[in-house]
Each structure stands twice: as structure tokens, then as C-alpha cells.
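Put the two chains together into one complex, using the hints given.
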Amino acid sequence: MNLQGMDIDVAVIGAGPAGMAAAIKAREKGAENVLIIERDTRLGGLLHQCIHNGFGLLYFGENLTGPEYSHRFTEKLLDTGARALLETMVLRISGEKEITAVNRRDGLFTIKPKSIVLAMGCRERSRGNINLHGTRPAGVLTAGTAQRLVNIEGFLPGKKIVILGTGDIGMIMARRLTLEGAEVKAAVEILPYAGGLIRNEVQCLHDFKIPVFLQHTVTKIYGEKRVRAVDIAALDANNNPIPETKRTIECDTLLLSVGLIPENELSTAAGIKLDPVTGGAVVNEARQTNVEGIFAGGNVLHVHDLVDNVSWESEIAGEYAARFAGGKKPPAGQITLKAGRNIRYVLPQIISGKNNVDLYLRVREPQKKVIIKMGGIQVGKTIPGVKPSSMIKLDLSAEDQQKFKRNEIVIDCLTKGD
Amino acid sequence: MAAYETEVLIIGGGIAGTTIARELSKYKTDAMLVEKEMDFGQGITKSSSTIVNQGCNVVTFRPEYHNSRLVWAGMPLMEPLCKELQVPYKKIGSLTLFKNRAGMRRPNKLLSRFDEWSKKYLPHAKPLQLIDNDTLHNWEPNISKDFIGAVYDPNIAITDPVRLTIALAENAGQNGIGIMPDTKVLGIATGTEKFVVQTNKGTIKSRYIINAAGEYVVKIAREINADDFVLYPVKSYMAVLDKKVGNLLAHMVTSEEHGTVNPSVHGNLFFGISPGSQRLGKIHDHATDKIIADAALEHARKLVPAISKKDIINSWVGFIMYRNFEMGWHECSVGVSRWVPRFINASIGFPGICAAPAAAQEVIDLLAQEGLQLAQNPDFNPNRKAAPIFHELSDDEKRQLIASDRRYGQIICRCETVTEGEIVEAIKNGARSLDGVKFRCRPGMGRCQGGFCGPKVTRILARELGISPEEVTKKGDGSHYALYKSKELLEAE
Ligand SMILES: Cc1cc2nc3c(=O)[nH]c(=O)nc-3n(C[C@H](O)[C@H](O)[C@H](O)COP(=O)(O)OP(=O)(O)OC[C@H]3O[C@@H](n4cnc5c(N)ncnc54)[C@H](O)[C@@H]3O)c2cc1C
Ligand SMILES: Cc1cc2nc3c(=O)[nH]c(=O)nc-3n(C[C@H](O)[C@H](O)[C@H](O)COP(=O)(O)OP(=O)(O)OC[C@H]3O[C@@H](n4cnc5c(N)ncnc54)[C@H](O)[C@@H]3O)c2cc1C
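Those protein sequences? They're chains A and B, same order as listed. Numbered according to the numbering used here, the first sequence spans residues 1 to 418. Numbered according to the numbering used here, the second sequence spans residues 1001 to 1493.
For reference, chain B alone in the conformation it holds in the complex (with noise of 0.2 Å):
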């Protein structure tokens, strides 16, 4: 087994770690990201929503609490890293809606206060509007009658979050981090002047420790009673609809009974039950229910009576890590351990994206803060070039492509038009399993769900790797996505 030495560990490769890897990378230290899946971003950052919030949340935010001023300070900055990592960003804008009168009267409340915070916290935000009935209905004439009037939030903008957080890692480890995928932490010790941290790869010693496994946080930190705070993890259920019906909404719609629907990067829209209405999950329970899917597909329909049962494509569950629960408030656990010196927890809570890069930029002053000699990297680089996206370039555009390489002339995924050179390029990247090239290029995310590119997906992830196709995964070991030979079988008995 290798034994690596480094002086900050990251634990965690999704949105948090990820962020914070790639703010590190700005300044010259030895550093080492470490994700036990086999790609980035597939722990909650995979299940969210995709929004980037603020504005309306302001029915959620409260200045006193870190969660809320991660958001707003992060807010600005979403858009800018977005571009710089080539990865979607698209302003759509959200509708918070109101059934009657007394509903309506909330609104003023929310406006006057949003421009009593904005002027503080989000300086160059658009200001919220009331939009009345009319108004309302001709700009999303698919939403219900029930609703009369809404607040505007113009602010309000998607990504894609495990994109983005792909983009993050890549960008990071080509500034200098050590990226390391498929490693998983099973122990922490207290050394000398370092932490021993196991790995499924071998011994990390390591100066700092960033503890940012989502999920896992809590688990983590009691390796080495750094676990100073407690987490609820509340299960949510989100839902994404065939692109046929994603023109239903163009904003995110939402209203404090009825959870969000909302369009995505991509032409699908997602629906799912907002966090806090929810009950506590079994942690680690990743199993959907009916009860949960029936209760969030009405709460849908509420909003939006089009959407039908029959145009779901998909379906799971995340757990949104809540500090305080039972007081119904959102907040995070971003911090040094009160109990274990150089050892930070970063647990962004939710929402979590936009919260990101804030949240890394005070990792890296608690890191100085904590004696970490901080110097600028002079060769950082913030752009990446993100690979071609055959569907969404003109005809001309295509053209051009499949002439400097005739791979992307070659048609793999039916249902969302990604090609071979496409996916060649996510494996080139870093893909390593089938589902590490689905959230990089999209095969297997349409409507039949990789039912006809799955076995052309194998079999060019097993011609890449040079390994046989029954060693190709869905997502690292045991989850193979073809168990034997023809025949194996027979012969064996």
C-alpha cells in the first residue's frame, strides 16, 4: 500500500470539497483531495435541485444564521466560476406564489425586508416584484388557477451542480491538487504533528483535515471525537420529467405548502418535496418510497396540474443535513473543531450549492487562522475547457467537430444525442464507470434511462480502460453491470 504525506487532506469530492480544493489551488500548498466514489459530486450534490438560490428564501434567511450568509455571499460568485469552468448557468428567475389576499399581504412584508438585507448582504441584486394574477398566468399559463399573484425573485438561477463539481476537481488538479477519486477514508489517528488518515489506497499523514463527506460528516469527525456538533439528516425526494414536457415552466415555481418544480440546464423539470416539510430519514437509507413519491407528485400537480405520473424518468432521495431541525431553520456547521485543532468541518447545509464558494473561501482563512502558510500560486489558472456538447452546437458547428474527429459523427445515446467522442472524452477526463460518464455527457439520462446505450457504454468504457466489459461498473466495485459470461453459467455446474 502507498503512504503519501500532504498538508491539507480534503475529505469529500462534492460541491464543498471540491470548491474548496479549487480555492486552495489559488495559493502554492501541498494538497490532496480525497472522494470514495469513483467520480465527483455523486453523494447529495447529485440529488439537488439545481438551484441557486436566495431572494425568496428570504422567508428562510436569517442574517444571524452562517448558513443563510454563505448563500448570499456566494450568490455573486456563482456566475463568474460557472464561466470560468465552462458549465451552465442560466438566470430563469423564481415565482414564490399566493392563493389569496391574506396571502398576498405576506409579500409586502417580504419585499420591504428584502431591500432592508439586499442593501447589506447582496448588493447587486435585483430587487423582488409583485406580480399579480394576470401577469402571473400569462407568463406560466400552466400553473394552477388557485394561485393569484406571486413574488418575483429575477435573481434566481440553475446549474449543473455535479458538473460544476467535476469541473471543480479538474480544474483544481490541474493547479496542483492531488485528486483522488475511488479512496475512501476508514480511519483517523492523531499523529505527532500530523493526522494518519486510512485509506482504502494506503496511509495519508496529513497537517490540516477538511472534513467535507457531506452525508458522512458527523461520521467522519467521530474518528476523532472532532464531532463537537450534532446533524439531522432530512430526507427529500426529487423526481425529473421527460424533456417533452419540460417546457411546461419557464421559472422556478414554488410555494411554502407545495414544495418546488422547477426547469433544469438540460430542458427537464424537477420536482421534489422542499426540505423542512419533510420528516427525518434513516441516514444512509437511500430508498425511495411510495408514500413520499405519491405525497410529492400531488404537492406537484398543485402547482403545475399538467405534470402526469406517466412523464416521470426518474426518481431519488438526498438527505439535506439541517443543524437545528427542530426549530424549522436551516443552518450549517462550517468550522475549526472546538476539540481538535487543524481539523475543519465543512458542512455547507442547504441550500448548499451557491453556499459553496463562500464557504471555501473561509476554509481558507480558518486554514491561515490555523497557521497554514498561505502563499498565491502564480501560475493558477482559473479556466477549464469543458468538452464539446454534440446536441447543443448549430449544424455547422457539428459539422466542423465531426471533421476534426469523426467519433462525434457516431450516435450512442438515442434519447439525449451524445456521441462517441463524447464519451470518449469523458473517459478521458476521468470517467471511469457508467454512471461517471452519465453525469459527465448525458448517455443514459434520457427517457429510456441507458435501456439501448447501456451495453455501447460498456463496451467503449471497456475498450478505453483496456479491461474486459463484466469489469465495467455502474458505480465502483459490486456494482457490475453484467455479472457473468454467456454460458459462465452452464460451465461451472
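In isolation and in its complexed conformation, chain A is listed as follows (with noise of 0.2 Å):
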């Protein structure tokens, strides 16, 4: 095909399974043209190192692995007739919707769609965001590099392991590298609890015995040339490391599982508003930025902690990018949702009043019993218990709506009885 100045409705930047629902969406909602473009060699983003399982329990009803759960996808996205550009980088894309990429076969070239919908997934934080001390030496990675070192290239780290954080990728690779033989010696987690799904903390963690340390951080690095040991300490109330309780820990790898940022950057220079608590793009209901015609989904617009949400979320870009293409234009953003009480964030910020949504709700900490209040108004059930690492999906209908009296409506997560 040739590309420079290709006639597109609707391109994805990105093919995990946020890009791939979205571009199958954007078909079935009748977008001609749909183009996605994808870095890698194959579609799938990160589910092809996500070789457990527990994928597809909401969207499928059955207990998938990543592979599988994204198989389903392409082989859907490959009828519906939509086409893939792989190996190929955006390089930018500008607030009038102009995208420049990039690959091997068709050099640097400009495409101009009717709609973008944004995919790019997420990166992981890193030692230097994190300010972790000591030495610079080989064996410092991000649990989701060994993810791929171990499942796709065929490598193992080391064979004494410390886990700096117990997010998910950390602990099912605290899992992953016992299985292959190493021992895990230490999962450290700066915060009274362990920061990823309960699931994963009692088949990763505790199915395999391996020592957790809560309210631990990593207070040095030894090692000129490769890890050597690391020194872990107990932290007090203001999270400062209590020397008394330091410990050094011999290993010679130090994996890292402190959190994922959203893979922004072609955003921003595209003149696209972020939230800094998502780190992704304010977009209303239609999952419509604040540039018209440009929409995000999946984690490139906040951490999602199922693959499953990811999908649908994307699936709304994608069917409101196809009718952007198509001419129409989403509802008009009226009500701005603002986080009160114990809530981190609230996904969309943005809702027209009009339109049942569905609302993405992140709590900053564990509570039990509680009940969510839009406005002062109850919406949906008493909810048994609450964590910062679960999404809380709340049904919001039009109705609901009616009842707001502002437009901008508080949203608090109170004990029940409060």
C-alpha cells in the first residue's frame, strides 16, 4: 500500500488489546478505513509475555492466558478487515491530527485520519523515578523486562532474586522465577499491604512461600559490576527506613514493581490536556480528549488492573472514533467529576448528563463496607471492601444524572452508616 497521504477514517496508535478493540469497534460501527499501527513485530502488546492465566474472566467468561485472551482478538480484528501496520513507530502526531511513523519498508511518511484513537499501553517506573541508592551495577530491571527476559527471550536474570514491590507484574514474576528455579528472597513493599490483586498476592506470594516484607523499602544497592546484595529496612510512620531494622540481603538481581506510567508523550505534544493523578488524557464519556477526533483507551489513559476493562473501555473509543469519522460528533462534555473523599481518581472527568456510562473509580485507601456518593447522592450498592489496586466499576444511568444539581459533582467513598 502507499501510505504517504493514505485515505484513513479511523487510525490506532497502538495494537494491544486496547488498539485491537478499538479498531474492531470502529469497523463494526461502520468505519471504512481503519488503520492500525503497531511498533512490534506482532499484535498483542504486552499479552504475549503474559503467559499466566486470568485473563478474560469478565469479557469471555472463561480463564484464558495472555496469548489467548489476545488470539481471540487478532483473529476478530483480521475479519472485520481492518489493516495492521507492524514494526512501524509513530513518531508524532500533531493537534490537526496529522500522524508521522516510521519503518524499514516505507521509510518516514504522513498520514492525515478523520480520527485517531489513542493505545500506546504503559511504561514502567524505574530506578531513577524511584530514587533507590547504592550502585549502578547490571541486575537492576523492572519486573516486567524479566517478564520478557524469562518468557519471550529465553533468559533468566539471576537465580537469587529481591522484589522491590508487590504490584502485579512483580508478584507473578516472584511466581514465574520459582517456577524456573531461582529462589525469591525478598518481596519488599513500601506500603502496609501488598499493592496488586488479592488473587495474585495468595497464588504468587503466598502458595509459594516467599518472605514479604510489608512497610520494607530497599535502602541500597552493593555491587560494582553486578548486583551483589541489597539492604532492606523497616519504615516508620512518616516513611523514613529505621536503621536498627536494617537487614542486608545477598542477591544478584534486583527486580522492580513500583508501578506503571501511562506512555504519553505523543500526547502532550499533540496539545492533549493529562490528568496528573491518571497520567493519561481528561476525556469524557466518549473517551474523547480535549483535541477533537483524537480518543484514548486501555492503559495509555490510566492503569487498568484487568485486561478485560481494558477492552471494553477501548471498545468505546473506538465506536465514538468511527462515528467522529463518520461526521458526528460526541455529546458535549456538561458535568466535570471531581475526586472527594478516599477517591484517587474518577474515569471519565468528563460526562455529558445524557448517556448511561459506566464510571472507573480508584480509591486512595483500603476501606471496608463503604458506599459511593456523586453530589451527595448514593449511587449503586453497599460495596463489602475497597483497595487502591482494584478498580470500582460504578453503573451510572442517565437518570442518576438527572438528579445532579451542579456541574461539577464530588465524588466520595464513605463508610456505610457515616
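Treat the hints with care, since some could be wrong.
Cβ-Cβ distance ranges computed for the label pairs, FRET-style [said to hold, decoys possible]:
#: 1; chain 1: B; residue 1: Y1232; chain 2: A; residue 2: T65; range: 57 to 67 Å
#: 2; chain 1: A; residue 1: D7; chain 2: B; residue 2: N1247; range: 33 to 43 Å
#: 3; chain 1: B; residue 1: I1467; chain 2: A; residue 2: L86; range: 21 to 31 Å
#: 4; chain 1: B; residue 1: D1289; chain 2: A; residue 2: D7; range: 28 to 38 Å
Listed next, the in silico DSS-like pairs over lysine-lysine satisfying Cα-Cα at most 27 Å (straight line) [what the hints assert, rightly or not]:
#: 5; chain 1: A; residue 1: K273; chain 2: B; residue 2: K1244
#: 6; chain 1: B; residue 1: K1487; chain 2: A; residue 2: K185
#: 7; chain 1: A; residue 1: K225; chain 2: A; residue 2: K160
Just so you know, the hints here were simulated from the structure itself, not pulled from any lab data. All C-beta atoms in this analysis are idealised placements derived from N, C-alpha and C, irrespective of residue type, glycine included.
Structural data, given as C-alpha cells:
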């Protein structure tokens, strides 16, 4: 195909679960020319390296591995007749929706689709981001890089492992590396509870008897060429290490599982406004950003804990992107949603007040028996327990929204009876 | 083990050793440069804040100090040198900030002192200027409102010292100097006419030795009792910020109490605690710690309050080698050992980047003085062609480059937009490790610090060098990227 100046309705950037779901939906909703651009050699995004199961329980009602989940979408995507451009990196998006991309075959080219869906996913927080002290040897890597090394490249980073952070990828890697014959000597977490999903905490840490150190952190890395040991220490109420609790653990590898950051360098360059809390774009219920015709879905928008939600959310983006390409603008935003008590963020941040919408919420701290109030009015039923690592999904009907009296609505998470 | 013979052996491939090697390649001599690391500039040079100094360091400048004289003599040499070697060099100017009227009286003194001294030592320098409050905050809206004025020095520039060091080594090699990375000096003995130097690659006999081992200068000199000086290593801390906040500043800014914040040629910001205000470090301990890191951040935020911990993408420490720390003044040690003839120590001090070219010229004079015959090398070619840098090209140039070699269309590092073509070229030019590739063309230098491209660069290195991926290292022996193959540990059981 001749790419330069090609006629495209919807261009999707990134072919992970988000991008694939968006592209499929865009085709289903009538967009003629849908192009999905992916820098990797195949469709599927991060799912290729997620060879464990637990995917699709909600979306398919089945327990699938990452590659299986991905495969279902790949098949469907190819059936819809969307076009995929692999091994192609998007370098720039302009506010006028011009995409500049590069690959070996076509070189550098520019296209101007009618609408765009951003689905670039996220990246892991690295050593520098968390100010980890000590020397700078080989053997300090993120859990996701280790996941790629073990599951795709066929290498083991080391055999005596300490993991800092109990994000989901870290816990999953603790199990994987144990199964591969390595010894995971400690999983160290700053918070008083594990960071990721409860099922991962049980199945990956407890079932494999991995020593867990809560309210601890790594205070020093030793080794000039390769990691030789790390110091860990308990933290006081102000999160400062308590020197007397310091212990040295010999290891050859330190894995970091300390959070994910939505990959939005392209977005900011296009003039898209980001939410400082999510690290993703500010969007309305159509998942449209402040730049008309540019939509976003999946981990580029906010970090999800379940891929099933990634797919659903991106279908919304895909649907509205197709409509936009057909000349129909999404409903105008009327109401701004604000995070209130024990709410870290809410997505979408803007709603029209006219449609049923699914809200995604995250809390700041664990809390039991809670109700959610919006503008003082309870929405949904009592929830037995909430945790920052588990996203809350809330159906908000158009009727509920009629009751809102203002155009700025504060959302609170309250203990029932308070 | 191999045995080598040469006239001049340079120990250490930092900015000092490589400028000396390159200067020496202008003459017809038999010379070698050995560097213990897999690549050049991986010692103190890689930890620097990349500033091509002078001017405002009238504060520290003293004509009686050797380092001061070298720095000022080196200033006019830097730009042409970077041009010849196609290394980035950018004049940014510096602002030395002042908080109050009392502080503002000092600048007047600095200005007149600069005028007086620059006539003698820096005839081509532009004069310093006093900048008032409005101009200051107009130029630099992100610096703290606590500052009410500054001395502006238009002469200050920035460069990439590691690229410069690598370019110098490459150019010296092209002009006939034997360049040997991954070669560590283990011991030195006096022979009848030549020194006998033991290395991990064999014995090297040489009539002259230039000791440019940076942090290890004293250790090397002690091998042969040529350590007629003492050096005080001062541990300094540096941090680099994400490019997305790179536009917080246009100039280098500094104040006496709060260290320095400066842009880099690649669009990041650096900050660090300025030398001298630091404690002495335990030598060879390259660990950062919370105390020094927190202090540096606090100081940097006093200069530029918008600097935030979450934008730090990497940090490190380096040693500044002071000759006379107690006096609070910088001094270096470049000269023939008083006790061992034909043995030249070259510890260039701080600042060192722009002291290096002048120090190199002095070292040549010292070699001549010690009896080395120096005839011009008629074939000397001062120019080196740098490998293309994809992301710095215009769209049209990018298209042309990809058309000439398809590998420039394959992006490997997403954060810094580095292509496979650039990585292959870096390996062709001598990179042998992940750090070697990283310092030459930047994959892994960005915000994700190699999380994404590490496995890919490892594969490319293995393929190009004809080794297996488990043999690929971060920085030489003992620093392997992945230690085992999958299932290897299970089979071993
Ligand atoms: C290292 C890592 C490991 C993970 N492991 C797990 C796990 O074990 N279990 C789990 O449930 N979740 C895991 N996750 C979370 C995972 O991101 C989500 O579960 C899910 O893959 C998100 O889907 P997505 O489509 O939003 O993003 P992704 O799957 O990341 O897809 C984004 C796609 O966009 C492409 N892309 C990005 N920028 C560009 C560009 N400029 N040009 C072209 N293409 C581009 C990428 O190559 C990628 O294929 C992991 C995340 C990371 C970062
Ligand atoms: C934090 C910091 C910031 C600085 N900022 C600036 C600045 O902005 N501007 C400026 O001008 N200066 C700055 N400096 C000073 C400057 O970086 C140094 O003066 C300069 O880099 C020293 O170079 P060198 O070649 O002497 O040492 P090095 O770069 O250390 O080179 C010595 C080399 O010798 C090798 N070596 C050691 N032992 C052996 C052996 N046994 N066998 C073989 N090889 C060996 C080492 O591996 C090393 O590569 C800074 C210094 C620090 C620490």
C-alpha cells in the first residue's frame, strides 16, 4: 500500500488489547478504512509476555492466558478487514491529527486520518524514578523487563532475586522465577499491604512461601559490576527507614515492580491535556480528549488491573472514533467529576449528563463496607471492601445524572452508616 | 599473552588520556593508549555535568593555580575541537545568582577582576554582564524569586564529554595511535631503558608513561613510587531530569550555596551539588545515598523550585580529584614525576573537560623536554565523521538516510528514538557492551532507562559481535545482562 497521504477514517496507535478492541469496534460501527499502527512485530501488545492465566474471566467468562486472550482479538480484527501496519513507530501526532510514522519498508511517512484512537499502553517506573541508592551495577531491572526476558527471550536474569514493590507484575514474576528454579529471597513493599490484586498475592506469594516484608524498602544496592546484595529496612510512620531494622540480603538481581506510567509523550506533543493523577488524558464519556477527534483507551488512559476492562473501555473509544469519522461529534461534556473523600481518581472526568455511563474509580486507601456518593447522592449498592489496587466500576444511569444539580460533582467513598 | 613495545604509553582513556593521545597523533610517534573499561570516558568523565567552564569561576580562578590556567587556556580550544570531531557543543551562557544587595556588591568586584584577568588569559572572551531582577526573571521565569540579580557569563558552553572522549580516541586511532580498551594496567616495573607494564592483555614495554588514570592516578603512580603528590577525592552527586522538564532553563544557573542546574546538549536538565561544598568521599565507593541525594535536590529546588523528585530519571556520584582540598581551592597535578624521570602524571582536576586540551599540549612539551623526538605527522587528519543521529535530522534527511540503509527505519529505543542503524554503527565503531552502545548513541538514556530496549540492544550486540546473548554485558566482565538461559537452573538440579 502507498501510505503517504492514504485515505483513512480511523487510525489506532498501538495494537495491544486496547488498540485491537478499538479497531474492531470502529469497523463494526461503520468506519470504512481503519488502520492500526504497531511498533512490535506482531499484534497483542504486552499480552504476549503475560503467559499466566486470569485473563478474560469477565469479558469471555473463561480463564485464558494472555496470548490466548490476545489471539481471540487478533482473529477478529483480521476478520473485520481493518489494516495493520507492524514494526512501525509513530513519531509524532500534531494537533491537526497528522500522524508521522516510520518503518523499514516505507521509511518516514505522514497520514491524516479523520479520527485517532490512542492506545499506546504504559511503561514501568524505573530505578531513577524512585531514587534507589547505592551503586549502579547490572542486575537491577523492572519486573516487566524480566518477564520479557524469561517468557519471550528465553533468559533468566539471575538466581537470587529480591523484588521491590508488590505490583501485579512483580508478584507474577516472583512465582515465575521460583518455577524457573531461582530463589526469590524477599518481596519488599513500602505500603502496609500488597500493591496488586488479592488473587496474585495469594497465588503468587503465599502459595510459594515467598518472604514478604511489608512497610519495608530497599535502602542500598551493593556491587560494582553485578548486584551483590541489597539492604532492606522497615519504615517509620513518615516512611523513613529505621536504621536498627536494616538487614543485608545477598542477591544477584533486584526487580522493581513499583508502578506503571501511561505512555503519553505523543499525546502531550499533540496538545492533549493530561490528568496529573492518572497520567493519562482528561476524557469525556466518549473517551474523547480535549483535542476533537482524538480518543484514548486502555492503559494509556489510566492503569487498569484487568485487561477485560481495557477491552471494554477501548470499544467505547473505537465506537465514537468511527462516529466522528462519519461526521457525528460525541455529546458535549456538561458535568465535571471531581475526586472527593478517599477517591484517587475517576474516569471519565467529564460527562454529558445524557447517557448511561460506566465510571471507573480508584480509592486512595483500603476501606470496608463502603458506599459511593456523587454530589451527596448515593449511587449503586454497598461494596464490601475497596483497595487501591482494585478498580471500582460503577454504572451511572442517565436518570441518576438528572438528579445532579451542579456542573461540578464531587465523588466520595464513605463507610456505610457514616 | 601478547607482548608490546612502544615509545609512549598513556594509561587511562578519560578526557585527559584521550586528548593527550589525539594531540600526540599530530606527531610521528609510536604510542598506545590503554583503558581498563570496555569503552572510553566511563570513569570520572561520564559523571560530569558537561559544562565547558570558566568565566564565572572567577570566584575560584586564581592565576597561580595550574588548573585555572589550563581551564582558561583550554576554553578557546574547545569549540574548534568539537567541530573537528563532530561532537555537540552549545554556548548557553551562565547566570551566577544573587539574593540581596550585599551579594550584589560582590559581582562588581568579580566583573572588574574578570576584565583584568581576561585581558591576559582569555583575550577573546566576551565580557561578563550584571543582570537586573527584571531581565533575570524574564530570561529565566522558572528560577526562584528569591534571587534579585545575576552575573551573566556569555562564554559558558555545554558538550557531551563522553562522546568527545570516544571521538578523541577514534580520531587518535585513525591517526596511528594504538587504542586498547578493556586493557587494565596491573603493575609497573622499571626496566633498563623502558618501563615494563603488566596488563590483562599482556606486557607493554614503553620508554615514557603518561598516567591519566583519573580516580586511580595515585594508585598507578604508587606502583613505581612516582606518587610525589596527594589527591583528595571529593564525592559529588549528579542527577538528570526527564526531557519533558528540559525547558525549565535555558542557561546554566548557579549560586554559591546551592550548586548548579544546567541544560544538557541532549535536552535534559542536570543538577548536582557543587564541588567543595561536599565531604570527602571514601575513594572508589560509587554508591549514592539518601543524604547526599536529598541535599542535592533541596539545593536544586532553591534555584529552580519546579524541579521535582518524580522527574529524576537517573543519578550517580563521581569523584573530583583535588590537590589541596583543605584550602578550598582547586588544583591539579600535571607534570613529570619529581622522583621518576619519563613518568608524567596527568590528573587534570576540576573543572577538567576544558582543561584537557591545554593539559594535552603541556604534556607534549613535557615529553619533548624529557627527550622524546617529535616530528610532525604529515598524514594527521583532524576530522572525524560522526555517525548519523536519526532524531536530530529533518524529515527529508530521515527519509534519505532510511533509503540508504533500511535499518535506520527501525526504532529500537522508544524514549530517545534510536534506530537499529545507529546501534549497528556504534558497534562498528567500537561499542562492545550495553553501556558502550548507550553512551555512543543513547538507547537506555531516556525515561525508561532501558526497560524496553535492553533486550533488543542485547540481541543486536550478540548478533553483530557473533556471541550469545548471555555473553553480553552492561560494562564488561562480571556485569552480564542475563545470567542464565531459561530452564538452565532446573536442569542443573
Ligand atoms: C512490562 C509490563 C508487563 C505487564 N505484565 C502484565 C501482566 O503480567 N498481567 C497483566 O494483567 N497486565 C500486565 N501489564 C499491564 C498491561 O499493560 C495491560 O494488562 C494491557 O496489556 C494493557 O493493554 P493496552 O492495549 O492498553 O497496552 P499494551 O498491551 O501495552 O499495548 C500498547 C501497544 O502500543 C504499542 N505502541 C506504543 N507506542 C507506540 C508508538 N509510538 N507507535 C506504534 N506503536 C506503539 C506498543 O508496542 C504496544 O503493543 C504489564 C504492563 C507492562 C508495561
Ligand atoms: C560530579 C562531577 C561533575 C563534574 N562536572 C564538570 C563540568 O561540568 N565541567 C568540567 O569541565 N569538569 C567537570 N568535572 C570534572 C571532570 O569530569 C574531570 O576533571 C575529568 O572528567 C577527569 O578526566 P580524567 O580523564 O582525568 O579521568 P577519568 O575520566 O576518570 O579517566 C581515567 C580513566 O583511566 C582508567 N583507568 C583507571 N585505572 C586504570 C588502569 N589500571 N588501567 C587502565 N585504565 C585505567 C579509568 O577507567 C578511566 O576511564 C566534574 C566531575 C565530577 C565528579
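For each hint, the structure was consulted:
no.	hint	verdict
1	B:Y1232 / A:T65: 57 to 67 Å	holds, 59 Å
2	A:D7 / B:N1247: 33 to 43 Å	holds, 37 Å
3	B:I1467 / A:L86: 21 to 31 Å	holds, 28 Å
4	B:D1289 / A:D7: 28 to 38 Å	violated, 58 Å
5	A:K273 / B:K1244	holds, 14 Å
6	B:K1487 / A:K185	holds, 19 Å
7	A:K225 / A:K160	holds, 16 Å
Comparing the model with each numbered hint stated earlier shows that hint 4 is the single one that does not hold.
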